[in-house]
Amino acid sequence: EAQVTQNPRYLITVTGKKLTVTCSQNMNHEYMSWYRQDPGLGLRQIYYSMNVEVTDKGDVPEGYKVSRKEKRNFPLILESPSPNQTSLYFCASSLRQNNSPLHFGNGTRLTVT
Amino acid sequence: GNSVTQMEGPVTLSEEAFLTINCTYTATGYPSLFWYVQYPGEGLQLLLKATKADDKGSNKGFEATYRKETTSFHLEKGSVQVSDSAVYFCALSGTYNQGGKLIFGQGTELSVKP
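As you go down the protein sequences, you meet chains A and B in turn. So the mapping is simple: the working numbering equals the position in the first sequence, first residue as 1, plus 6. So the mapping is simple: the working numbering equals the position in the second sequence, first residue as 1, plus 1404.
Chain A extracted, bound-state conformation (with noise of 0.2 angstroms):
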């Protein structure tokens, strides 16, 4: 079946310790993306992939990190996260192309205190 997975699903945890969201495809895309959902803002681009070693700021990338070593994967760092990153967080992917649909993973809700 044809998915974008995202783990884990939930996450609590504190303000500056270290954490990783990961992200994989199945589906031989060469767009990855990352956003952030957050009540009456939509959906908004922390860092997007348009291919393996090929990554840029979206429209909030900061107090972010990605790596795009393989192209099934593209984990979301958060180096010293604060609670202004609480926040629901979703992975997607498609072909690198303007009229192709975005994938979406079912999304991660980090808590940080």
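The set of hints was computed from the structure by calculation and includes no laboratory data. Certain hints may be false.
[Unchecked claim] Chain A side only, calculated, beta carbon under 7 angstroms to chain B, not exhaustive: (1) G46; (2) G48; (3) F96; (4) N105; (5) F110; (6) G111; (7) N112.
[Stated by the list, open to error] Label-pair distances were calculated between CB atoms; the ranges are: (8) A:N90 with B:G1445: 19 to 25 angstroms; (9) A:N112 with B:D1459: 27 to 33 angstroms; (10) A:K23 with B:D1459: 43 to 49 angstroms; (11) B:S1407 with A:I83: 26 to 32 angstroms; (12) A:K23 with B:G1445: 21 to 27 angstroms; (13) A:P67 with B:N1426: 26 to 32 angstroms; (14) B:P1518 with A:T26: 42 to 48 angstroms; (15) B:G1445 with A:S88: 21 to 27 angstroms; (16) B:D1458 with A:N57: 32 to 38 angstroms; (17) A:P89 with B:P1518: 15 to 21 angstroms.
Idealized CB from N, CA, C, for every residue including glycine.
Given chain A, put chain B in place with the hints provided.
Just chain B now, with coordinates in the frame of chain A:
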């Protein structure tokens, strides 16, 4: 830059009522337009899309027409069901050199009562 504006929610309707969720956009070039739906506890799923002016996307009884003259892509359904309760997002594609990036509206929550 490109942007999307959706009507604010929440929208509450009775079963079998007519639904319209307004979406307008600002864009350079010729973006593709999308509607996504998010059911509780799940990720976003593509509902329908349109890739050029006057195209009509449709799926599961929902429709939206790409109107370049009014820069709109309103979502409609003739008779909603309780199972349509979800959050709906309008989105448009970014510029060509942004690959698969989509720009989302803020989402409109729909609640359908029996």
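Structure-based check of each hint:
A distance limit of 7 angstroms between C-beta atoms decides the matter here; for G46 (chain A) the minimum to chain B is near 6 angstroms, and the interface restraint holds. Using the Cβ-Cβ criterion of 7 angstroms, the hint placing G48 (chain A) at the interface with chain B is satisfied: the shortest such distance is roughly 4 angstroms. Using the Cβ-Cβ criterion of 7 angstroms, the hint placing F96 (chain A) at the interface with chain B is satisfied: the shortest such distance is roughly 6 angstroms. Of the supplied interface hints, the one on N105 (chain A) holds, with its beta-carbon coming within about 4 angstroms of a beta-carbon of chain B, less than 7 angstroms.
The closest approach between the C-beta of F110 (chain A) and any C-beta of chain B is roughly 4 angstroms, which is under the 7 angstroms cut-off, so the hint is satisfied. For G111 (chain A), the interface hint holds, the least distance from its beta-carbon to any beta-carbon of chain B being 5 angstroms, beneath 7 angstroms. Using the Cβ-Cβ criterion of 7 angstroms, the hint placing N112 (chain A) at the interface with chain B is satisfied: the shortest such distance is roughly 5 angstroms. Hint check: N90 (chain A) to G1445 (chain B), Cβ distance near 24 angstroms, so the stated range 19 to 25 angstroms holds.
A hinted range of 27 to 33 angstroms holds for the C-beta pair N112 (chain A) and D1459 (chain B), which are about 30 angstroms apart. Restraint check, K23 (chain A) to D1459 (chain B): a C-beta distance of roughly 48 angstroms satisfies the suggested window 43 to 49 angstroms. Taking 26 to 32 angstroms as the suggested C-beta distance range, the pair S1407 (chain B) and I83 (chain A) conforms, at roughly 29 angstroms. At roughly 26 angstroms, the beta-carbon separation of K23 (chain A) and G1445 (chain B) lies within the given 21 to 27 angstroms, and the hint holds.
Taking 26 to 32 angstroms as the suggested C-beta distance range, the pair P67 (chain A) and N1426 (chain B) conforms, at roughly 31 angstroms. Between P1518 (chain B) and T26 (chain A), the C-beta spacing of about 43 angstroms keeps the proposed range 42 to 48 angstroms intact. For the pair G1445 (chain B) and S88 (chain A), the beta carbons lie near 26 angstroms from each other, so the given range of 21 to 27 angstroms is met. Taken as a hint, the range 32 to 38 angstroms holds for the pair D1458 (chain B) and N57 (chain A), whose Cβ atoms sit roughly 34 angstroms apart.
Hint check: P89 (chain A) to P1518 (chain B), Cβ distance near 39 angstroms, so the stated range 15 to 21 angstroms is violated.
In the structure shown, a violation is registered for the earlier hint numbered 17 alone.
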